[in-house]
Every structure is written in structure tokens, then in C-alpha cells.
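Colleague: As they're listed, the protein sequences go chains A and B.
Residues in the first sequence are numbered consecutively from 1, following the working numbering.
Residues in the second sequence are numbered consecutively from 1, following the working numbering.
It should be emphasised that the hints constitute simulated quantities derived from the structure, not laboratory data.
These numbers come from a predicted model, not from an experiment.
Any given hint could be a false lead.
[Unchecked claim] Sample of chain B residues at the chain A side, in silico, Cβ under 10 angstroms:
no.: 1; residue: G8
no.: 2; residue: G12
no.: 3; residue: V15
no.: 4; residue: K166
no.: 5; residue: V177
no.: 6; residue: Q214
no.: 7; residue: L278
no.: 8; residue: Q287
no.: 9; residue: G291
All residues carry an ideal CB built from backbone N, CA and C; glycine is no exception.
One-letter residues, chain by chain:
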Amino acid sequence: MNRIDGVFAVLRKKGKKALIPYVACGDPDIKFTEKLVSVLADSGADMVELGIPYSDPVADGPTIQKASVRALKGGVTLENIFALAGRLRKKVDIPLIIMTYYNPVYVMGAENFVKKAAAAGVDGLIIPDLPLEEAYQLKTLADNNGINLIFLVAPTSTKERIQKISHVARGFIYCVSVAGVTGARQKVSNSLEGFLNRIRTQTSLPLVVGFGISSPDTAQKAAQHADGVIVGSALIERIEKNINDSRHALKTASDFIRELKKAIANCKLQKSCRN
Amino acid sequence: MVNSGYFGEFGGRYVPETLMSALTELEEAYERHVNDRGFKEELRYYLEQYVGRPTPLYYAEKLTRHLDGAKIYLKREDLNHTGAHKINNCLGQVLLAKRMGKKRIIAETGAGQHGVATATAAALLDFECDVFMGEEDARRQALNVFRMELLGARVIRVKSGTKTLKDATNEALRNWVATVENTHYVIGSVVGPHPYPSMVRDFQSIIGEEAKQQILRMEDRLPDYLIACVGGGSNSMGLFYPFKDQEEVQMIGVEAAGKGIETGRHAAPLTAGSKGVLHGALSYVLQDDDGQILPAHSVSAGLDYPGVGPEHSYFKESGRARYTAVTDEEALEAFKLLSRLEGIIPALESAHAVAYACKLAPELEKDKIIIICLSGRGDKDVQEVSFLMGGGAGE
Numbered sequence: 001m002n003r004i005d006g007v008f009a010v011l012r013k014k015g016k017k018a019l020i021p022y023v024a025c026g027d028p029d030i031k032f033t034e035k036l037v038s039v040l041a042d043s044g045a046d047m048v049e050l051g052i053p054y055s056d057p058v059a060d061g062p063t064i065q066k067a068s069v070r071a072l073k074g075g076v077t078l079e080n081i082f083a084l085a086g087r088l089r090k091k092v093d094i095p096l097i098i099m100t101y102y103n104p105v106y107v108m109g110a111e112n113f114v115k116k117a118a119a120a121g122v123d124g125l126i127i128p129d130l131p132l133e134e135a136y137q138l139k140t141l142a143d144n145n146g147i148n149l150i151f152l153v154a155p156t157s158t159k160e161r162i163q164k165i166s167h168v169a170r171g172f173i174y175c176v177s178v179a180g181v182t183g184a185r186q187k188v189s190n191s192l193e194g195f196l197n198r199i200r201t202q203t204s205l206p207l208v209v210g211f212g213i214s215s216p217d218t219a220q221k222a223a224q225h226a227d228g229v230i231v232g233s234a235l236i237e238r239i240e241k242n243i244n245d246s247r248h249a250l251k252t253a254s255d256f257i258r259e260l261k262k263a264i265a266n267c268k269l270q271k272s273c274r275n
Numbered sequence: 001m002v003n004s005g006y007f008g009e010f011g012g013r014y015v016p017e018t019l020m021s022a023l024t025e026l027e028e029a030y031e032r033h034v035n036d037r038g039f040k041e042e043l044r045y046y047l048e049q050y051v052g053r054p055t056p057l058y059y060a061e062k063l064t065r066h067l068d069g070a071k072i073y074l075k076r077e078d079l080n081h082t083g084a085h086k087i088n089n090c091l092g093q094v095l096l097a098k099r100m101g102k103k104r105i106i107a108e109t110g111a112g113q114h115g116v117a118t119a120t121a122a123a124l125l126d127f128e129c130d131v132f133m134g135e136e137d138a139r140r141q142a143l144n145v146f147r148m149e150l151l152g153a154r155v156i157r158v159k160s161g162t163k164t165l166k167d168a169t170n171e172a173l174r175n176w177v178a179t180v181e182n183t184h185y186v187i188g189s190v191v192g193p194h195p196y197p198s199m200v201r202d203f204q205s206i207i208g209e210e211a212k213q214q215i216l217r218m219e220d221r222l223p224d225y226l227i228a229c230v231g232g233g234s235n236s237m238g239l240f241y242p243f244k245d246q247e248e249v250q251m252i253g254v255e256a257a258g259k260g261i262e263t264g265r266h267a268a269p270l271t272a273g274s275k276g277v278l279h280g281a282l283s284y285v286l287q288d289d290d291g292q293i294l295p296a297h298s299v300s301a302g303l304d305y306p307g308v309g310p311e312h313s314y315f316k317e318s319g320r321a322r323y324t325a326v327t328d329e330e331a332l333e334a335f336k337l338l339s340r341l342e343g344i345i346p347a348l349e350s351a352h353a354v355a356y357a358c359k360l361a362p363e364l365e366k367d368k369i370i371i372i373c374l375s376g377r378g379d380k381d382v383q384e385v386s387f388l389m390g391g392g393a394g395e
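Looking at chain B on its own, in the form it has when it is part of the complex (with noise of 0.2 angstroms):
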């Protein structure tokens, strides 16, 4: 299965034909260069005097105890440099098109996040940067475009269709297949064409092998679960795949109910979408019976989507991960939660995979272990909160 390009029958490559020898390139560089050992001392030597890797697994006594159940630990990607997991994938991509010779990296972004780390990639790398990010996403989150600008990189909004996550991934490949030459598309999760699940996966698992040293460490032992937010499914993804091999311990993926799933409003398409196409990947997608895609509605703008890493797909039909979803309004109360209790603020996106431990811990005997990836924290989100909040967040 390695380097196929295919989980089973999902992913492959479903693109223009002007992509296909890119991705090949891509495919090429990435397999000579991952295991190179000038490649993986640079890459380490920034995740460690950069990013600030590795990232604690912290205990979280207070919440543990509030819970009454089983132990939760969180693995605090949060404490990264620019505030997620998504620096870990950035650093290696932006990496790997210096080492392709590559003038130019483009990115697409929903919340903000994954264009802010690009936009820092690039200029501790020197490269050219533009971001595409949805018009409305943009202006929900005009602090990040400022953020990005900042750091050098051009903001591009894109107008089309939903005008955000979905349309600003449309745009970004649009433009690469115009510029390929000189181009590199970093994605910014699991999705999209091979070999962008797989690499990104590898980028990310830097997680799941720190978080198992660290529990082995603390606790002489292997979690009984793994929880973790899924939009794209790149944290989730990184903490998951190094424990795939270790049946005992169960993975979990959490994703957006948004306003329920029954209301149709929501971002979930393993627990409620079904099998399609979408950015070069066959996988799980909400769509109509046409195949049209459809819009996703979550709280959480980094889980904003109607699909899914292919494989997440394949994690679900296998039985290795299980999925499932909590609301817009579970999330809150989690966000608010962890605050209070840890003076963790999380990010909207990892409170999915906090508000789904609260309902698991309790029923769990105490010497059951938790694994949470707080995949982001939550600065970037407060306004929206107390907006929310203030308009009577829940309801």
C-alpha cells in the first residue's frame, strides 16, 4: 500500500491532466528526500530550535477529575510556533520545493491557520507566497490576513461559489495548474491528490510518535483511546497513524455536527456523507444525488468542509478508527470548559475532540487513558466566542 496512492479504493489522483507530471515530480522529490539524512536533520532542527517541538503531553488533572472517569492527556500542539499542528506539514513541504528548485509556494486556508504557517514557511525560507482564502472566510478572520500580510505573503479572496474553504482549495488549484513550473501548492491537510495524503500524513506523525514515547514514559504503557478533531483529518491523522499497528488502543475521530446532523447543516461527511470526488481524491464527501458538492456549516472554520483525507475513509471502513461528531454547541461548552478548567483556551476545531472526551470519560473506569490532540489554541477564535456568546451561543 505504501506510496500506491490508494487506502483501499480511496484517494488516487483526479486532476487536469497539465497537474499530472507535477505530482509526479512531487511524488519523486518527496520519496528521494524524506529519508535522506540531510533532509531529516534540517527539518528536525527547525521543528526543535523553530516550531518548539516537541510539544508536552500534558496531564489534565482538573479536567480528569471534573470527569470522574478515565485519565486525559493532552498533546499540546497548541504550543507550537503560530499556534497548531499545521506548521509541522508546512515546514516539510516548504522544505521540499526548496529542494525542487521551486520559486513560489501558494497555499489555501479556511480559518487562517494552516495560510498563517505557510506565510511563516516562506519567509524563513525565503520564497514567494500567495494565500488563497475565501472572501468570507477573510473577512471573519481579517486579524490572519493581517497576520499573513505581515509576513509577506499576498492574501488572494476568492469570490467563487461558497467563498470559503472549498472554493479558495478550487482557486489555489486553479492557479497552480497555471504556474506549476515554478510552483509549489502546499495543502494543508490530508486531501487531495497523491501523494499529498500520504506526505502530509508523515509531516504530521511527528505527533503520534512524540505522544507515544511520552505516554510509554509516564505511564508504562499504551492509551486505550486516541480523540482527535477531523475536517481535513491531519492532526487527527498524525496522532492516529502511529498507533495503527497497536490494535488495543481505539482511535477516534470527531467531527462537526454543526447544527446537528439531522438539520443537514453540518461538516461530517464520514458519520452522514457518502462516497465521491473531491480536490483529486476519492473519498467521503457531503454531496447531492447529482454528485454536486455540497456546502459544510461547523462553528469551527477549520473544520468547515465538505470533505475529508482518503485515508480517514478507509481508517472507517476497515473498522481501525471510528468516527463520530459533536454540535456547534457541544463544541462551545467544551471551549469553555477547558478554559476554566486547565487555563487552556482550546482552539474551536480541537474543542470538538475535548467535547467528545467529556462524554466518553465518565464512563470509562479510572485507569483508562485518553489521549486528546488539542491540535490548536484558541486566541484566534475569542472573538468569534464572545460574539457568539453574546448572541446567545447555543440556542
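One chain only, chain A, in its complex shape (with noise of 0.2 angstroms):
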């Protein structure tokens, strides 16, 4: 089973919610990702977004946006990200999910992108600029190589995209909680439980909810109507304010990620978790 549905398996059972931290691969450099991700395993997280940083991050605010800068000035490279996720590997139990665009897959060869995090013990694949339609060859790619495709639903997804989605999605259905670019928000939208409700009757993956997760409170709220939340930019705000002190910047980022993943223990059960 690939590691994405056995977390998520075991999370139902307990009823509990997933809390998926996303870092900026090389910010500031390889080795911090490598502290970082193994300081997140520690403190709750339940699976790790490694984002690739990217010169052209269109579904991206400012906070990562910046986090890619400083990713690529460092000079990281995709070898660097693949030999990475590797060591990872053998050093934490949790599912390691690649979000990238769609532009250094196309580069490297989709097929070869797909084998070599096959090799390093990727779980999962997120690609923001690659929706359903252009997504067939990759599917099947990583269908054949045990990798969860994931994809993204907006508000703006009409009923007929959800179904469409929901059918050939993996590991869970990232809902993006507002019509806009990462970043972190004050509060959630009013119209996410709808939203969340919409998707719900389409699948029965679990639903995560990403962009604009800024803090317990939101994370709380969000975590409400769905089976987990990723985040990014507040995480990468954090890190980013201590960037010259690597340790003091593990520990803030560690006390984070134990304050959220307090404040999500603390919501209410959904349905689709009782049963």
C-alpha cells in the first residue's frame, strides 16, 4: 500500500486529522531541508510536502515565491532534491510527496521525473500548473511506479470537473480553499464547508485543504470539514524570519507544527472519519 493511504487509513480509524507541512527545498540550503524535514517527522507532522523551488511559480504568493529565490540562488539543483528525498527516506517513516511545476517534469522526462522518486521513495506528486486535462501520460507514469498523482479542486471546479478529478485522484483531493495564489491568510472562507461538502459527495478520498493556513485557529477551522491541511507560506515565514540561525529557525518551526498539530486534535469528528 503506498504509504499516503496508510496514514491516512490509520488517521480514520483514530479519527484524526492529517497536518502536511510544505517546505522550499534549498532554503537556504539542502542540508537545513534535511534538519528541517526530520524535525517536522518529530513534532507531528504527518506527511511532508518537498516543494521544488521554481523560477516561475505561478500558483505561488510572496512568501514562497521569495523562499525560491533564495532555493535557487543557494543553487539547488534537481539531482540535489532527488539525492535528498533518498536520504530522507531512510531517515523518517512519513510519506515524502514531491509538489513541482509542471515545467522541470517536462524537461527531465516525465518517465525518468516518475523512476527516479520512485527510487528515492516518493509517495506522492503534486503538480499546481498540470490539471486533469494534460495529466493522462504522468497518471499512468505514476500508476505504474506505486506514486499517488494528486490533484488540486478549486471553487471555481464546476461539478462536472470535481467528478472528473475525483475519479482518477490519488491519496487525497487537495482543495484549495480560496480562488487565489499560497500564501497565508487571516481567516478561512466562510464557504468551505460547502465547498468541502461539494467535493464530498464526488469521492470518498480524503479531502486536504491548502492555501491560506496561517495559524492553529485557522488550521482548527479548516481541519473542521476536512481529513487534513497543508502549511506552506506561514511555516516558510517562520523559518525565513530566523534564516541566518538554523537551530533557532528548526525550533520555531518545530513549536509551529506542535501548536497546530494541537489545535487540529482538538476538532470535531467529521462524518466521512466515523467510519
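Got two chains here, each in a separate frame; can you build the complex from them with the hints?
Modeller: Right under this line is the structure:
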């Protein structure tokens, strides 16, 4: 069984929600990312998203843009990141999910990319600029290599699209909480519950909310209706503030993940989690 | 191939899920209105009465004599209202946005030509308008920023990445993702996700349609060569497309070789790039081995872009069009030559097409015919050129 599916099966049994932090690989260098992921796993992260920095991250807000610039300036390459994933696979048990824009995948060759990811022990792949219609080749490759290709659903997705996406999605559905780019936001949209309900009617896959989760409060509100939350920019902001002091940065990251974990442990059980 | 969104393997829709419904809505609206009589009439009205179309096909007699070869005609897009071909597309898209019930339009701009054209259409047709422009470009083209503001648009200075056209486009896309319900994004070239490359091509095809009729009237035959500059590639596609089925007409796209292809400081993805995805489409791009997009360089801000329209990539692969590149220095020479010989100051972008014609024409028989797309006028560039000449242009 794919590790992601395994983790959700366990969480569901316990009535718990998944906490999935996003890290920008190589921000400010690969060594730091390696330590950071270990610390996140120890602090309660249920899975981790390894973000591949990209020159033109159109789905990302300023925080992840800046982190990408720092990482690329630091000289991070795809080769470094696959090697990092391989090392992490030996150190931590939690699922590793690569998040990348499509061009690096295309340029490396989709087959080559997926095989390298699988060899490194990567469990899932999220490509924010690869909608369903463009994803068929990669979907087959991912399936054949035991990697969950995770799709995004947005508030603007029509019922027909949600239906089609649910059909091919694996692992979980990445529910984009707002029409917009990534970045910490003050509060969770009032329409989140309705949005998630629309998706629930189409799929039994776990629903994970991302974009805008900024605090224990927003994490808890989102987790009330979902099976998990993704936190990216808010974590990176905390690291950014301590970018020149890696020990302090790791401590801050760890504290933040523990707070979030506690917050989502307190939320009510959802219908979907009870069965 | 029509409207499937692909040109061979190129094109497609590589965008965040949030935009997919909007692109479908746009595609449907475009297909519904493009052949609608009322829409066509309204667009034609504005193109004639407001833009000043048809633009002349001018026989450049002195340039022809100077080069002592093929006969050269200039398709005078520089004579359009706002000074370039960009307005053809902007009016089409803004009229479409009106029919779609959108309230606000956004655009990206490099040198400011497309921004000015969009702001103009927005003023005319009562839209709120935000234009995204790299901070570096906004500084270099301060006058165009003021123009846009006079026209009632807000100019948003983009501070991320290279602070030029590529990042202005990223920021416009990000803004569109967040405002897609009430906003239409007027993309300025034959780039971006489907249906933009086809839609912008169709709105710009009036260039080639007119040129075809005009040359048949003046010469009673089709031209032998079409030459146009290629940044994103909208003026060239507009000229080429109506001739694409006449195999005897050779089509040549001229990219910006910048400081020279061999220096790596250029904006010539078709000449020296590789296949990749940028701004929603698969096409030729400038990138490194990891697929990170590389900054482009050209003296002409309108060509200073690391990507190109997917249909050009298709024309390159199929061999229907040929692509070449000329340097900053060659473009500046052509800029000066056309000004002096014909009394026409071309945009630096268009000067690239003129520069290549200067190489080609002398090698051809005198009974051959070349049409150059003079895509814009050079008023916006005189300050920059004066600076470059004073500072030792061509060094």
C-alpha cells in the first residue's frame, strides 16, 4: 500500500486529521531542508511536501516566491532534491510528497522524473499547473510506479470537473481553500464547508485543505470540515525570520508544528472520519 | 486542429485548476461570438473608425533601391491608433469581455505598448483596468506608464524575479487566479493557455488578410516572402496566418539575437531554445537543464521574453515558417536606416524585421516581392536609442 493511503487509513481509524507541512527544498540550502524535515516528522507532521523551487511559480504568493529565489540562488538542483528525498526516506517514516511545477518534469522527461522519484522513495506528486486534461501520461506513469498523483480542486471547479478529477485522483484531494495563490491568510473562508461538501459527494478520498492556513486557529477551522491541512507559507515565514540562525529556525518550526497539531487534534470528528 | 488547443504537440493549458473554468468559459464565449454578426460588425466599426484600418501597404521605393534587390513593401501597423498592431487584439478581447459580462480587465506589458492599447480599449469601453508591468520596465518606459494612467488604468509595478515582462505576466496570472469571477485577462500575444494563442491570432489576422488583398491589387500576385519580428509572435502570426496555405509564400520570423546568440544574452527561443512550458503553453523557451526559465535579453523591450507562441513552434517544426535572429546592433542600424531613407521611425521590435530584410533583399532578383510587417512606430524608442547612440551603440 502507498504510504499516503496507509497514513490516512490509520488517521481515519483514530478519528484524527492529517497535518502536512510544505518545505521549499534548498531554502536556504539542502542541509537545512534535511534537518527541517526530520524535525517536522518528530514534531507531529503526518506527511511532508517537498517543494521544488521554480523560476516562475504562478500559483504561489510572495512567501514561497521569495523562498524559491533563495533556494535557486543557493544552487539547488533536481539532482540534489532527489538525493535529499532518498536520504530522508531512510531517516523518516512519513510519506514524502514532491510538489513541483510541470516544466522541470517535462524537461527531465516525465518517465525519467517519476522513476527517479520512485527510486528515492517518494510517495506522492502534486503539480499545481498540470490540470486533469494534461495529466494523462503522467497519471499512467505514476500509477505504474506506485506514486499517488494528487490533484487540486478549486472553488471555481465545476461539478463535472470535480467528478472527473475524483475519478483519477489518488491519495487525497488537495482542496484549494480560496481562489488565489498560496500564502497565509487571516481567516478561513465561510464558504469552505460548502465547498468541501460539494467535493465529498463525489469522492471517498480524504480532503486536505491548503492555501491560507496561517495559525492554529485557521488550521482548526479548516480541519473541522476536512481530513487534513497543508501549511506552507506560514511555516516558511517563521523560518525566513530566522534564516541566518538554523538552530533557532528549526526550533521555531518545531514549535509551530506542535501548536498546529494540538489545534487540529481538538476539532470535531467529521462524518467521513467515522466510518 | 481548429480550437483543440494544440498545434501539433505544442500549446495546451498548463495552468492552476482555479483558472480552468474561466478558460473554458472564455473558449465558449469566443466560439459563440467570433462568427456572430453583431460582434463582427462592432469590431469592424471600431477597427475602421477608431483604429484607422485598413493600414496602408506601402511600397518602400527608396529602401528597395538602396538594397538593390527584391521589391520591399511595408505593412504599416505603425499607423494604427496607439502606434502598433496591439490594438487589433485588445479591442477584440475587450469587446468579448463586455459580452461575457466582465467588469474589470487586466493585462501584462513589457515596453508598455500592449498596456497602452489595453488601457485605451478599457477607456473606450468603460472597464476598470489594471496593468502589470515590471518595475525595471516601468522605470525605462516612464512615459508609457503616464500614458496608461492618463487613460484611467492603474499600473502595478512588479518587483519579483527579473522585474520585466516574464514576471509581469506571472503576476497578472496570479491576480487573475484571485479575481477570475469578474475579471478578463487580456493577454497581449499569441502565448498563454488555450484559447489565447488561437484567439489572439484570429484578432491579428486582419494584418495578413489586408496585406493579401492589397498586394494582389498592387502587384496582381502573392508576395515571395513575409518577414516579421517574433517576441511572443502576434504581429508575425497575424501576417503569416492568412498566407499559410499558399506554400509558395515563404514566411520568416525574426527573433532578437540580443548581444549575439553565442553570448547567451538573447531572446531567441526558436533559434536557440528548447521545448518547455511557460505561461500555460508548451512551446520553445529559454531554460536551463533543470527547466528553470532563463532571463531573456533584447534592446527591444517588446521582444525581451524567454518564450514564444506555440503555433510558431509548430510552424518551425513543420517547416512552414523559418526563424532567424538579428542582433541589437543590426536592429539599431535598421532603425536608423529606415528613418533616414523612408522617413519612417520604426519600433525597435519592427526594426529587427527590417534588419533581416536588409540581408535578404540584396540576394534576391528584382522581381521578387517582400512584405515586412512594420508592427509599430518608434516614438517610444527614440529616447532609448539616443541614449544607446550617445553611449556607443553597437559596441
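Colleague: Decide, hint by hint, whether the structure agrees.
Modeller: Do the hints match the structure? See the list:
Hint on B:G8 is violated. Least Cβ distance to chain A is approximately 15 angstroms, over the 10 angstroms limit. At its closest, the beta carbon of B:G12 sits 6 angstroms from a beta carbon of chain A; the interface hint therefore holds under the 10 angstroms criterion. With a least beta-carbon distance of about 6 angstroms to chain A, the hint placing B:V15 at the interface is held under the 10 angstroms criterion. With a cut of 10 angstroms, the hint placing B:K166 at the interface with chain A holds, because the nearest CB-to-CB distance is about 7 angstroms.
Residue-level restraint check for B:V177 holds (minimum Cβ-Cβ distance to chain A is 6 angstroms; threshold 10 angstroms). The closest approach between the C-beta of B:Q214 and any C-beta of chain A is roughly 40 angstroms, which is over the 10 angstroms cut-off, so the hint fails. A least Cβ separation of about 7 angstroms between B:L278 and chain A falls short of the 10 angstroms threshold, and the interface hint therefore holds. Because the smallest distance between the Cβ of B:Q287 and any Cβ of chain A comes to about 7 angstroms, under 10 angstroms, the interface hint for this residue holds.
Of the supplied interface hints, the one on B:G291 holds, with its beta-carbon coming within about 3 angstroms of a beta-carbon of chain A, less than 10 angstroms.
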